[in-house]
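Visitor: Position one of the sequence shown corresponds to residue 17 (our numbering), numbered consecutively onward.
Be aware that one or more of the hints could be misleading.
What the hints assert, rightly or not - Derived lysine to aspartate or glutamate pairs resembling DMTMM-like cross-links, with alpha carbons at most 25 Å apart:
hint, residue 1, residue 2
1, K293, E596
2, K159, D144
3, K82, D144
4, K82, E68
5, K490, E270
6, K305, E614
7, K57, E119
Stated by the list, open to error - Estimated spans, in silico, between C-beta atoms of each pair:
hint, residue 1, residue 2, range
8, A597, D246, 41 to 47 Å
9, C511, D246, 28 to 34 Å
10, T195, E224, 17 to 23 Å
11, K451, M575, 40 to 46 Å
Source of the hints: derived by calculation from the structure; they are not laboratory data. All values derive from a computational prediction rather than experimental measurement. We treat Cβ as the ideally placed atom computed from N, Cα and C, and that holds for glycine.
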Amino acid sequence: MKYVDTWDLDAIIPGGTKSPELQEKLQKIDQQINEWEQLIKQWNFSENQSAEPFKRILEKQETIEKGLSQSATFVQMWHDAFMNDEYANVVMGQILDLVSKLENINTAFTKKLVAISDQDWNTFLQDDELKKVAFALNEIRDKGKRLLSEAEEKIITELNKDGLTAWSRLYDTVVSMMTIPFTDKDGKTVELSVGQAMNRMYADPDPEVRKQLFTNWEAAWEKFAPIFTDTINHLDGFRITLQNFHNRKDYLEEPLEYNRMTKDTLDAMWTAVANNKQPFIDFLKQKAKLLNMEKLGWQDVDAPVTVGDSKATRFTYDEACDFVIEHFASFGPKLADFAKHALENRWVEAEDRPNKRPGGYCTDLPEFEESRIFMTFTGSMSDASTLAHELGHAFHSHVMRDLPRLNRNYAMNVAETASTFAETIIGNATVANAKTDAEKISLLNDKLGNAVAMFMNIHARFIFENNFYQERTKGIVSEQRLNELMVEAQKEAYCDCLAGYHPHFWCSKLHFFIDDVPFYNFPYTFGYLFSLGIYAEFLNNPTGFEEKYIALLRDTGTMKVEELAMKHLGVDLTKPQFWEAGIQLAAKDAEEFIRLSEKLV
Numbered sequence: 017m018k019y020v021d022t023w024d025l026d027a028i029i030p031g032g033t034k035s036p037e038l039q040e041k042l043q044k045i046d047q048q049i050n051e052w053e054q055l056i057k058q059w060n061f062s063e064n065q066s067a068e069p070f071k072r073i074l075e076k077q078e079t080i081e082k083g084l085s086q087s088a089t090f091v092q093m094w095h096d097a098f099m100n101d102e103y104a105n106v107v108m109g110q111i112l113d114l115v116s117k118l119e120n121i122n123t124a125f126t127k128k129l130v131a132i133s134d135q136d137w138n139t140f141l142q143d144d145e146l147k148k149v150a151f152a153l154n155e156i157r158d159k160g161k162r163l164l165s166e167a168e169e170k171i172i173t174e175l176n177k178d179g180l181t182a183w184s185r186l187y188d189t190v191v192s193m194m195t196i197p198f199t200d201k202d203g204k205t206v207e208l209s210v211g212q213a214m215n216r217m218y219a220d221p222d223p224e225v226r227k228q229l230f231t232n233w234e235a236a237w238e239k240f241a242p243i244f245t246d247t248i249n250h251l252d253g254f255r256i257t258l259q260n261f262h263n264r265k266d267y268l269e270e271p272l273e274y275n276r277m278t279k280d281t282l283d284a285m286w287t288a289v290a291n292n293k294q295p296f297i298d299f300l301k302q303k304a305k306l307l308n309m310e311k312l313g314w315q316d317v318d319a320p321v322t323v324g325d326s327k328a329t330r331f332t333y334d335e336a337c338d339f340v341i342e343h344f345a346s347f348g349p350k351l352a353d354f355a356k357h358a359l360e361n362r363w364v365e366a367e368d369r370p371n372k373r374p375g376g377y378c379t380d381l382p383e384f385e386e387s388r389i390f391m392t393f394t395g396s397m398s399d400a401s402t403l404a405h406e407l408g409h410a411f412h413s414h415v416m417r418d419l420p421r422l423n424r425n426y427a428m429n430v431a432e433t434a435s436t437f438a439e440t441i442i443g444n445a446t447v448a449n450a451k452t453d454a455e456k457i458s459l460l461n462d463k464l465g466n467a468v469a470m471f472m473n474i475h476a477r478f479i480f481e482n483n484f485y486q487e488r489t490k491g492i493v494s495e496q497r498l499n500e501l502m503v504e505a506q507k508e509a510y511c512d513c514l515a516g517y518h519p520h521f522w523c524s525k526l527h528f529f530i531d532d533v534p535f536y537n538f539p540y541t542f543g544y545l546f547s548l549g550i551y552a553e554f555l556n557n558p559t560g561f562e563e564k565y566i567a568l569l570r571d572t573g574t575m576k577v578e579e580l581a582m583k584h585l586g587v588d589l590t591k592p593q594f595w596e597a598g599i600q601l602a603a604k605d606a607e608e609f610i611r612l613s614e615k616l617v
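With these hints in hand, go ahead and build the complete structure from the sequences.
Guide: Laid out in structure tokens, this is it:
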């Protein structure tokens, strides 16, 4: 192989989760936290308003957070690649203890910031270095105004280890034990991991294979659903309780604040999506005809489409890597060179094997100023898109690496912008380079899979989660009711155009069980549509656009999204028009798909 498809974990910390080097690192971090605590205790703004002691506190905090994040990322990477490593949870427990200790001290630090008068604070921020990170510091101080007493916040932090975080990790543990049976044409039955089953269920060209896997998939999740019912109820119940303690008006306030966006922007986006679904419903109906079905089942929505003698585009891992690098180069040399460096240096874990967790992600190693990517590559066009998506995330972090660390904390919605933009480059390039109409139909199907996911699948997730939270505020929600809420949401989001739905999707989708970011769904649609707006600007003015794009990415950690969009695109995100324009770009693909395939049905 030209590119190695497994991580080089020893290059991070040799010896795995039982590494003596990892233990030494954690002990050093513990010592650094103690030193940081002393700096904070000694800092008294009323006695000394010099910025220097404050800057030393920030520098020490950055060192600690980098070390903790690097350690946690390493352990998580190891666990996800080798889910039978029981010791990973032990070490993660040690790390969470340090995180809790850090958070408790950070509460005291934040309280000191809140105690400074607004006038003194604004004067303090006139220091040249602090002025550069004023947005982040103001954000920390504003959030600090919600905090309870130090003693109460310490109790919350300690309880969180066995509360919010514990419920999330329980989900991971149960999923790691699950398998999905599959019987091939020769009558041989194999047990697939959740990740293997999911990839094949959605991507296999044989409808009978997809149907069998979906039946077994739904049965497996139903078997474990009582555990997941407890998990999601207590995880989000814990979160709602914390939100109430911190004087939040409703459950959406926290995710909106985290994503630095207003409710008006969220409402404008979903209104535009809800009012412009017809082209994508027509696409799904046309796809059903091409697959000789009256209606698509849930498992058929992402199925490949082949017409005539054409076959679904398949890649080896080497071919996919070269493909991505080549088409990134059509946008700009910096993106292409970065992707080549990441792939050649084993930043990607892509091997298709048992005992890996499902899904894909990009994560940071802050001490190295590098990223790492997790996925399972099976050879489909969708996998090539996933690779491009995660490399887009990594590029976003890469172009910000020289900024102050406080200015690199961009929210999830704009994080999805860079990843989706990278996918768009690949999708558009492949369609444009198609040699036949049959090939173009197949590639448009893959590309439209993204649009359907953003406008229908993720819309269903948002509708479900919104309705679930409303009911959860009144008490425990039963498994049966969770299933009902999910099917109702899917029917609304897909305009009831499918033959069947996935009642237990609420427990098969990892995103509902992530503990750090509530409502881990709408940022994807935001990023998708925002990236389409950026891509349209690139098509209109391609010369030198890579530098303009990098400038936008570098600003994502220092302003609200409405300000970001106005500064770099000149658009108002609180109006549906911007979102509708992006949807219409995707709708053109649906219209082209129907036009090209009309003579075949």
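Visitor: If a hint holds in the structure, say so; if it does not, say that too.
Guide: We went through each hint and held it up to the structure:
With a C-alpha separation of about 11 Å, the suggested pairing of K293 with E596 holds against the 25 Å cut-off. Between K159 and D144, the direct Cα distance comes to roughly 23 Å. Compliance with the 25 Å bound is thereby established for this hinted pair. For a cut-off of 25 Å, the pair hint linking K82 to D144 stands: about 24 Å separates their Cα positions. Between K82 and E68 the alpha-carbon distance is near 21 Å, which keeps this suggested pair within the 25 Å criterion.
For a cut-off of 25 Å, the pair hint linking K490 to E270 stands: about 19 Å separates their Cα positions. Under the criterion of a C-alpha separation no larger than 25 Å, the hint pairing K305 with E614 is consistent with the structure, at around 10 Å. A hinted pair counts as satisfied when its Cα atoms are at most 25 Å apart, and K57 with E119 qualifies at roughly 15 Å. The supplied range of 41 to 47 Å is met by A597 and D246, whose beta-carbon atoms lie about 44 Å from each other.
Distance hint check: the CB atoms of C511 and D246 are about 33 Å apart, consistent with the given range 28 to 34 Å. Taken as a hint, the range 17 to 23 Å holds for the pair T195 and E224, whose Cβ atoms sit roughly 20 Å apart. For the pair K451 and M575, the supplied restraint of 40 to 46 Å holds, since their beta-carbon distance comes to about 44 Å.
Going down the numbered hints, you'll see the structure goes against none, and every one checks out.
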